[in-house]
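Chemist: With the sequences and hints as input, model every part of the structure.
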Amino acid sequence: VEYVPTGELTLSIMNVRYLSVRSTWRDGKHQRVEGCLNDFVASLYVVADALRAHRAERERQRKESEDAERRRHEEQARAAEEARREKELREVIRDWRFAQDVRDYVAEARGMVADAGLTMMEGAPFDEWLKFAAACAEQLDPLTGLRANIARVVAEKAAATKPVSQASNAG
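Numbering (this note's numbering), first residue to last: 1 to 171.
If you are wondering where the hints come from, they were derived from the structure by calculation, not from laboratory data.
Misleading hints may appear alongside valid ones.
[Said to hold, decoys possible] The calculated label-pair distances, taken between Cβ atoms and stated as ranges, are: (1) 120 / 80: 34 to 40 Å; (2) 123 / 161: 40 to 46 Å; (3) 41 / 63: 30 to 36 Å; (4) 114 / 136: 36 to 42 Å; (5) 63 / 84: 27 to 33 Å; (6) 6 / 70: 51 to 57 Å; (7) 51 / 82: 27 to 33 Å; (8) 157 / 131: 49 to 55 Å; (9) 80 / 108: 39 to 45 Å; (10) 63 / 145: 46 to 52 Å.
For clarity, every value in this text was computed on a predicted model and none was experimentally measured.
Ideal Cβ positions, reconstructed from N, Cα and C, are used throughout, including at glycine.
Modeler: Encoded structure:
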């Protein structure tokens with residue numbers, strides 16, 4: 001490309017076409033660039049303000065986007081945590097039901113023997129099997145720990161109230 005001087009001058013503010021502000025002044029039939037210098041300088045302030053406003057708007061949009069992304073991630077994390085807790089609850093209930101079923105099985109087997117007027121020999125294979133099943137039920141039951149804690153608290157309360165009632169009877 002070969003540039004040939006035309007004698008026409010142009011003043012331009014570069015890279016601001018997206019701002020919708022005047023950015024070019026040219027020599028024309030009725031005006032010269034020299035006569036537009038005041039308008040050009042005044043436009044520099046307008047362009048600077050428009051750039052600031054544009055940057056502020058982009059920053060606001062970026063923050064909104066980040067906030068929306070953060071909220072989306074939080075919602076996903078909350079949903080994942082809820083799904084994890086629901087899965088855990090299903091597993092706990094499954095273990096609890098299985099423990100209940102095993103206890104029912106052990107009770108029914110022992111009941112069948114008792115209803116027949118028989119006694120199960122201690123250490124017999126079936127007796128050992130039922131003991132193993134009962135121990136498994138205790139181990140699998142998610143409420144075993146709660147039952148033990150409740151029994152401990154009740155025993156502590158009973159122990160704490162006994163001396164007080166005995167002291168009041170002595171007086």
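Chemist: Next, verify each hint and record whether it holds.
Modeler: Evaluation of the provided hints:
1. Distance hint check: the CB atoms of residue 120 and residue 80 are about 50 Å apart, inconsistent with the given range 34 to 40 Å.
2. At roughly 42 Å, the beta carbons of residue 123 and residue 161 sit within the given window of 40 to 46 Å.
3. Remark: the range hint 30 to 36 Å for residue 41 to residue 63 is upheld by a beta-carbon distance near 34 Å.
4. Between residue 114 and residue 136 the Cβ separation comes to about 22 Å, which falls outside the hinted range of 36 to 42 Å.
5. Judged by the Cβ atoms, the range 27 to 33 Å given for residue 63 and residue 84 holds: they are separated by roughly 31 Å.
6. For the pair residue 6 and residue 70, the supplied restraint of 51 to 57 Å holds, since their beta-carbon distance comes to about 55 Å.
7. The beta-carbon spacing between residue 51 and residue 82, approximately 46 Å, falls outside the hinted interval of 27 to 33 Å.
8. Separated by about 32 Å at the C-beta atoms, residue 157 and residue 131 break the suggested range of 49 to 55 Å.
9. In this structure, residue 80 and residue 108 meet the distance hint of 39 to 45 Å, their C-beta atoms being roughly 42 Å apart.
10. A hinted range of 46 to 52 Å for the beta carbons of residue 63 and residue 145 is consistent with their spacing of about 48 Å.
Consistency note: the structure conflicts with the earlier hints numbered 1, 4, 7 and 8.
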